[in-house]
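Asks: Each chain, letter by letter, is given below.
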Amino acid sequence: MGCGRVGARVAAEFDAEGHDVSVVDLQPDAFRLLPREFHGRMIVGNGVYQEVQREAGGEGADIFMALANGDNRNAMAAQVAKHLLGVPRVVARIFDPERAEVYRELGVEAVNPTVAVSNLVRQAALNPARP
Amino acid sequence: MYIVIVGGGQVGAQTARELVAFGHEVTVVERDAETVRALNAELGEIAIIGDGTEVSIQEEAGVNRADLIVATTGRDEANLAVAQVAKQRFGTPRVIARINFPKNEEIFRVVGVDIAVSATTAIMAQIEQALPSTPLIRLLELHGSPFELVEVVIGEDASTVGQAVRDLPLPAESLLTLVVHADGRPEVPTGETRLTAGAAVLAVTLPEHEAELRRGLTGGA
Chain A
1 MGCGRVGARV AAEFDAEGHD VSVVDLQPDA FRLLPREFHG RMIVGNGVYQ
51 EVQREAGGEG ADIFMALANG DNRNAMAAQV AKHLLGVPRV VARIFDPERA
101 EVYRELGVEA VNPTVAVSNL VRQAALNPAR P
Chain B
1 MYIVIVGGGQ VGAQTARELV AFGHEVTVVE RDAETVRALN AELGEIAIIG
51 DGTEVSIQEE AGVNRADLIV ATTGRDEANL AVAQVAKQRF GTPRVIARIN
101 FPKNEEIFRV VGVDIAVSAT TAIMAQIEQA LPSTPLIRLL ELHGSPFELV
151 EVVIGEDAST VGQAVRDLPL PAESLLTLVV HADGRPEVPT GETRLTAGAA
201 VLAVTLPEHE AELRRGLTGG A
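Those protein sequence lines, which keep their order, are chains A and B.
Sequential numbering from 1 applies to the first sequence in the numbering used here.
Sequential numbering from 1 applies to the second sequence in the numbering used here.
Hints are not guaranteed to be accurate.
[Unchecked claim] A short, non-exhaustive set of chain A residues, derived as facing chain B with CB atoms under 10 Å:
1) E17
2) Y49
3) N72
4) H83
5) Y103
[As the list claims (entries may be wrong)] Not everything, but these chain A residues come out facing chain B in the computed CB check (under 8 Å):
6) N69
7) R73
8) A75
9) V80
10) L106
Honestly, the hints are just simulated from the structure, not real lab data.
The C-beta atom is built at its ideal place from N, Cα and C for all residues, glycine as well.
This is chain A alone, in the form it adopts within the complex (with noise of 0.2 Å):
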């Protein structure tokens, strides 16, 4: 759920890999990120809704990945496709470092880009340039 520059890129790898990817978007202009050569499916619409997550074919998934803006809507997508859907593991992006946590304690991997990108920046900083 997501097509934005990361569900768009994390998508294709995984379509490359030849799994079998279904990405869902609130907007259909946003699969233009996704590369031409990708075999999935695009399914236009609210991923938070199990309705929307049945029609891409959620039910049988192994994964779900909510990489969609807002911590939310991504905590609550990953909720339904594991709780009313049953898709052993859910993969949820949550920028707030506190609620990535209360996720995490309820069985959603939640990634978390903040801390992340911190770690990345403070290395930067301090790591002086490799030649």
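Chain A is fixed; fit chain B onto it per the hints.
Replies: Below, chain B without anything else, positioned relative to chain A:
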């Protein structure tokens, strides 16, 4: 009771007004500074600016000592986050969330939000059932009809004590069915019946007339 309300829009503000009127301690968390100013001007310093889905703002609002948190925003995903953060971080004993889109009801139920409701009146009814001190309690919904049976207790200092039923400004589609006086004596009320302090009045009414009926019987705001 200490109650934290997240969302100061129409639903949140009205819920806050009623709870404050019942004498509860209330904090409203609202993102919009102008809305917060208006609420504070009307109800005293009860509202704070912030995103109520954040742990730090819930902490500032005192959710850790709240008996109840009510999520009333117009965004279901925010209401779910409010509820889950409060339960998981602060162990809030009771969480009520507004649902704007009925199709979202199932996920709220599955993840353990205590009560998920879709309108102001329903939120108030749930709160009133949870609080025995409030003056209007819904007893039951009459099967196959829009009417419900409610109980209103006449307080010691209600301005209606001693008044005859026919002089009370009661809503048209409400019927007083029984008055149980404080000494336990039941009376089928007529226009002549006078309200007594501590009496319980059982009435049939429509949900939308609850507030008017309560005001008519108790003289309260």
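Asks: Each of the hints needs a verdict: does it hold here or not?
Replies: Going through the hints against the structure:
1. With a cut of 10 Å, the hint placing E17(A) at the interface with chain B is violated, because the nearest CB-to-CB distance is about 31 Å.
2. Satisfaction of the interface hint for Y49(A) is found here, the shortest Cβ-Cβ separation to chain B being roughly 6 Å, below the 10 Å cut-off.
3. For N72(A), the shortest C-beta to C-beta distance to chain B is roughly 4 Å, which falls under 10 Å, so the interface hint holds.
4. Using the Cβ-Cβ criterion of 10 Å, the hint placing H83(A) at the interface with chain B is satisfied: the shortest such distance is roughly 5 Å.
5. Here the hint on Y103(A) is kept, as its CB sits about 8 Å from the closest CB of chain B, short of 10 Å.
6. For N69(A), the shortest C-beta to C-beta distance to chain B is roughly 12 Å, which exceeds 8 Å, and the interface hint is violated.
7. Checking R73(A) against chain B: minimum C-beta separation of about 5 Å stays under 8 Å; hint holds.
8. Against a cut-off of 8 Å between C-beta atoms, the interface hint on A75(A) holds, since the closest Cβ of chain B lies about 6 Å away.
9. For V80(A), the interface hint holds, since its Cβ comes within 8 Å of a Cβ in chain B; the closest pair sits about 5 Å apart.
10. A least Cβ separation of about 7 Å between L106(A) and chain B falls short of the 8 Å threshold, and the interface hint therefore holds.
When held up to the earlier numbered hints, the structure conflicts with 1 and 6 and fits the remainder.
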